[in-house]
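What follows is each chain in one-letter form.
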Amino acid sequence: MSVGDWLTDSQNWVFVVLSFGMLFTGWRVVTSKNVVHAVLYLVVTLAISAGFFLLLGAEFVAWVVVLISIGAVVVLFLFGIMITKAPMGQEVDLSHPNSVKIPAAIVSFVLFVFVGGAVLAAFPDTAFPDPSVTRAADIGDSMFQRWVIPFEVVSILLLAALIGGIVLARRDDSEIEAAAAAEEDAAAETGSGHAPEADEAEAEEAVALEAPKAAAEKADAAAAAEDAAATEAATS
Amino acid sequence: MLISQFLLLGAAIFSLGVYGVLTRRNAVMVLLSVELMLAAININLVAFDRYLADSLGSGQVFALFVITVGAAEVGIGLAIILLIFRNRHSANVDELDLMKW
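Order-wise, the sequence lines are chains W and V. Numbering of the first sequence is given in this note's numbering, commencing with residue 1 and proceeding in unit increments. Numbering of the second sequence is given in this note's numbering, commencing with residue 1001 and proceeding in unit increments.
Just so you know, not all the hints are guaranteed correct.
Said to hold, decoys possible - Okay, the calculated bits of chain V under chain W, using three or more residues with CB under 8 Å as the criterion: (1) 1008-1016; (2) 1043-1050; (3) 1062-1074; (4) 1079-1093.
Everything labelled a hint here was simulated from the structure, so no lab data went into it. For every residue, glycine included, the Cβ atom is placed at its ideal position computed from N, Cα and C.
In isolation and in its complexed conformation, chain V is listed as follows (with noise of 0.2 Å):
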């Protein structure tokens, strides 16, 4: 097995994400694109560690944070969803513009 391999599929599902972020309208769809492309840096993460073969599996506790963090990052995303949803009875991110100037 090459290293290149694993890169170049964590690129392509890392940009599948992208393409999700920029596309979805739903809130939560885009959320759901970001976890793809935590799951390609995971790959990415791994493939290194076993290319370097780290004593101290340093890329697989990296991706273990990693997972952590995703999953924090999930829920108060879906909190801060609840809470708009609450108030403007809808979750479409074109709607969101109180910002703009």
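For reference, chain W alone in the conformation it holds in the complex (with noise of 0.2 Å):
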């Protein structure tokens, strides 16, 4: 194919637009001072990744990527953002110093070059064929006939999941009672002085008790839009 044809082309204009915007937001990413903006920068790259799968006629994954990737995993992102209290600032740095970046981009350029290399080496001018639009019912029937095995044990897998953040994040029983056996005794020995103080604290912890209990619930909710994404393959 000579570059002639793949300039006329439009499909790889459309492709040359989305892969400047997607490594710009990518190295944005990376590079960010602040850290809701490289969570942000990270929903516009899924975004434009989800092009990527319309522009190959993945109908389906590019959809699944934009609900579950962008719509579920950003937001537990935020969440744990909120709840380690990242800093949010300008005046934290969230990178190592220059005596980390730059071996780090020297290894990160060289692992570019090995893979490009490699992928030029062995496709160096093969084309697709004949444009085509996979429909999400013949991933559907593929999932369910030939993938069920991988797909049951995915369905184990986040339920594993979903089970193990819950029982990390949730607090100790013998905590809680030793934190408010703690807070009775103070609030008994000082009297009533103290008590506004106690409640504080009571609410304080209230709130971080909900925290990780919000955590679970959007795992959950991941895993409920994946099998709902599933079940609607099936059915369509």
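Each chain sits in its own coordinate frame; assemble them with the hints.
This is how it looks when you write it as structure tokens:
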């Protein structure tokens, strides 16, 4: 395929525009100084990757990426940032200093050169066959006939992740009792003067208890969305 | 469209993700870079699926599994970071050196 042929295909122009966009937003994800900005750049990166999937005719994968990767995983990230009180201002450095950045840049560039060189050596001129759009029904057929065992295994994996997330993030019962007992002792010793303080501490603990549950619920929602997407593929 | 342009783009985004994993100090940012790598992998998988014109759509099914496993991994990873933050009040990966010799 000559350069002229490549340039006249309008899909290649769409590809060039999207790939510049994705490279810019991907670079901003790994270099942004603001945590929330990095997450939002990831949203745009994933949205552009969904655009690539549409360009390749994979409609179901494109919308599943939008639904799950952007709609559940990124929201989970934002919860994680809120809960770990990640530095949101400009004053804290999110990246290592230059003594780490330069070797890391060299390593990633060498990786790109190796993989890119292998790709160009193996597929220098290979074009795609006739354009086709994959129907979601075909993906559903394949998922529930040929790939049903990996599908079931992934369901069990999601269940394990769900239970594991809840177990990891909840507070121990003994911790809660110890904290409540300590507060009661403090209130009894110092009298009513310290009651507002104890209430404030209690409210803080209640919020801290709620937040891990919220994180677990997000994982739950991601699992439910994945199941809904899979059943829709099967029934459509 | 050539297949090599999609594979090159996948390689570039994957390298950006590797740079992010190596450079970032905050644990949540490291997870974010891993998500970037998974997005690059999905582009590779779907490009190969379209190139081979697989009747089973295996590349796309594999990409769906990658998305799902990525979501599960982010959930557990964030739960672990939450626990670390609860115990040490910091999500800085430089300070997690208990297993260092």
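These are the hints, each one checked on the structure:
1. 1008-1016: holds (count 8)
2. 1043-1050: holds (count 5)
3. 1062-1074: holds (count 11)
4. 1079-1093: holds (count 7)
When held up to the earlier numbered hints, the structure conflicts with none and fits them all.
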